[in-house]
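Engineer: So the chains spell out like this:
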Amino acid sequence: MSGGEPRRRALDLDTLRRAAGLSLRTTPATMRAVLWALVPGTVLYAVLIDIRVILNLAVAMLAATLCEAMAMHVRRRPVLATVSDGSAALTGALLALSVPPGLPLWQLILGTTIATLLAKQVFGGLGQNPFNPAMVGLAVLLVSFPATMTHWPHSADPQLAPIFQDTTRTVDALTAQTPLDRWREQARGHSSGDAITPGVAWSLLGLGWLAGGLWLLWRRIISWHAPVAMLLTLTACHGFAALFSSEALSLSTALLSGATLFGAFFIITDPVSGAATPRGRILFGVGVALITFAIRQFGSWPEGLAFAVLIMNGAVPLIDRLDTPRP
Amino acid sequence: MSANTTAPRITGGIELPRYKPGLDAPPVEITRPDTLIFPLAGYRGEPLPARVHVGQAVRQGQLLADGIVATNSGHVQDLREHPFAHPSGLSVPSVFLQCDSTDAIDSISARPLSLEAIRNAGIMGHGGAGFSTFNKLAAVGEQCHYLLINAAECEPGIACDEALLLTDIDGVLCGVSALMDLLRPSETVLVIEQDKLKARKHLEHALHISDLPRAVSILDIQARYPSGAERVLVDLVLRERAHGVLARHERPTHRGIVCLNLATVHAIGALANGQMANQRLVTVDGRRPCHARVTLGTPIRHVLQQTGNLPDEGDYLRIGGPLSGYEHADMAAPVSVHVNALSVAAQSEPRPPLPCIRCGDCVPVCPVGLYPQQLHSLAQARDDEGLSRQGLDHCIACGCCDLVCPSAIPLTASFREAQRQRTISQAQDQASAAAAALHARHNARKQRDANRHITGDKAPGNSAVASALARARRKRTPKA
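Residue numbers (the numbering used here), protein chains in the order written: chain A, 1 to 327; chain B, 1001 to 1480.
If we strip away everything but chain A, and leave its shape as in the complex, we get (with noise of 0.2 Å):
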């Protein structure tokens, strides 16, 4: 035929999709999308907290893309498909944003090579993990190494008062001030070096976080209902017990903290491992906050986001169960 301009062809499928707007609904598009929403996070994280964070990112995605590549490789799948999909990454990035930004580079590689690979390519890979793998590493490296694991900055998230903290290191921690009371004080005069004060520093990464999120609701990448829930439960159950006690955690500290957000809107919004339907999700966002809530007021670990993650993760089931339609 002649050449020259492109000939007319009827309708295809993929115009089709294009047309109704559905292209960028790819699986990696989505994995690009919640790395390219940690960014505002990141950039808080490693402004106003510690800049080893990006080193830390750097260490863990790379680590999980090697992990990934070789168990495809043994596995005997296609391995640049596979970790093309940016699925891998994404894990690394989440961890690498769950732990102490000190903590020696070679736990940040263990707990990545168990997150990848024990959490996920054991039990087959993408769409197969029943735990977020990100969280299994988590859980692991805090178990395993709890003083780096609890070790934070000096400028560090006041919520992790933690009971492990070697007190000749850091004052702050020994003091029952909350953040705001700290932030008050300095500023009416008590300036002590930093002009943004831990608290702050760490409900601004908060809001980072939150920015992020919102923008995913926005694209519709994630869907509202398991963060909706589970901040809500969170807010409910820290109102409920500042009625009971002045000790208790203020809502702020409670709802703005780092882990709080990061895990509403970028843990529990796995959909691999969390409930399939909307009405599932908020059954999950609500669990994850009940269980968060529990082991921060009457357990001894500071960070009770992780273990919630992963006892919800096992609920997943039955939940779906429920809450599947019966045609």
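Read the hints as simulated data drawn from the structure, not as lab findings.
Take the hints with a grain of salt, since some may be wrong.
What the simulated footprint calls covered on chain A by chain B, stretch by stretch (three residues with Cβ under 8 Å from a Cβ of chain B suffice, anywhere in the stretch; the number is not a length) [to be verified]:
#	segment
1	24-38
2	125-134
3	272-281
Heads up, incomplete: computed chain A residues facing chain B, CB under 7 Å, no partners named [to be verified]:
#	residue
4	Asp14
5	Arg18
6	Ala20
Using C-beta positions, here's what the derived DEER-type ranges look like [stated by the list, open to error]:
#	chain 1	residue 1	chain 2	residue 2	range
7	B	Ser1377	A	Ala19	29 to 37 Å
8	A	Pro317	B	Arg1044	35 to 43 Å
9	B	Glu1240	A	Val74	56 to 64 Å
Even glycine gets a Cβ: it sits at the ideal position worked out from N, Cα and C.
Based on these hints, arrange chain B on the given structure of chain A.
Structural biologist: Quick look at chain B alone, frame taken from chain A:
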């Protein structure tokens, strides 16, 4: 007289951009080829026994097999395997009709139209599925509550019903009138999507000046795919009229509802006027989009050639729309009544499927309320029982879940395949159950005979058998 009502949209489904090629010009009349081909295949693609033999002269309208009529007179040149328009791409025994120009017609139907006439004319659904219209009408029972005329035509790329409304609305109303006489429905509703503006104007005008026995109301529904699927449409109307939707096992006819495609109604109208319903409009999309008026039995290649749409290197032929249609390799297959669109599209690399990430996007778009994510994992696990429990049988293969899946998993294809596997294994189960029962009876009889042999009892005697044997011996005719 017509009344306007607005309806909410269907549940599930997905809104797609309007794409209706070939409506700008009048339909192209495709000349009848010398040889017409009629695949003797039933509703599910099963081969049908032929009612004619090679060399036989046939008249226009004569039944070649159950539900398949000759659309022209002539004689049967050959009867052999030939490809037909079916996703399997297989061949089926087909009648090759050498046409003559005598146009001898088998029978002329007179008004009022009877069910028998519809059956003898072999009228089948024109919407794409090809269900026997006679069977549908006969199943409605005593009281027909609703006669629904399906002019929704929801799929982008198919516009033959819209073209029919623009070019031959009188023929359609003829059919409506005949059906109203035949079924005496309590209410007649013509359902059309809102975006068919010009066609709707034609319709309104025609209804206004027509003399139909009773009012036909027009129901405008939101343009959403797949609102034209029969069950989905019937549920929409039921919901809109504040009745309960169809239960899973129910057919529309169980509730006294007859839902017919617009082109089918047009064919019935032609029959009522004493004409042969031997042509249909086909949307042809490709280099030169148009609508073709095709005599049934015309090879697809002939249609593409005359409309200037023969495929090039790297193109493929698609029968049906981009979502519900299928690729077909052989253009020698003839246009049968369920071929509503022919497209020549470019071959493209399909996206390689990734694993299911359980995002749940497929669930809200299913128009039948199924759970494609779970069906997929059950299909992979080959869990037949789980599949039937989750309602695989109700999947209408609309393709909505395919469209939204971020992992590009060919869900619809895997459901079709799973349905096919279930049909096969159900048939096998039935066959082996029958064989097992036969074997058990055989063993029991053997045991009884053995016991009698031991105890020395006389056989109780199957009296019918014994008396028949006695008669044969006496060579007498049996008593009544």
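Engineer: Against the earlier hints, flag every one the structure doesn't satisfy and list their numbers going up.
Structural biologist: 5
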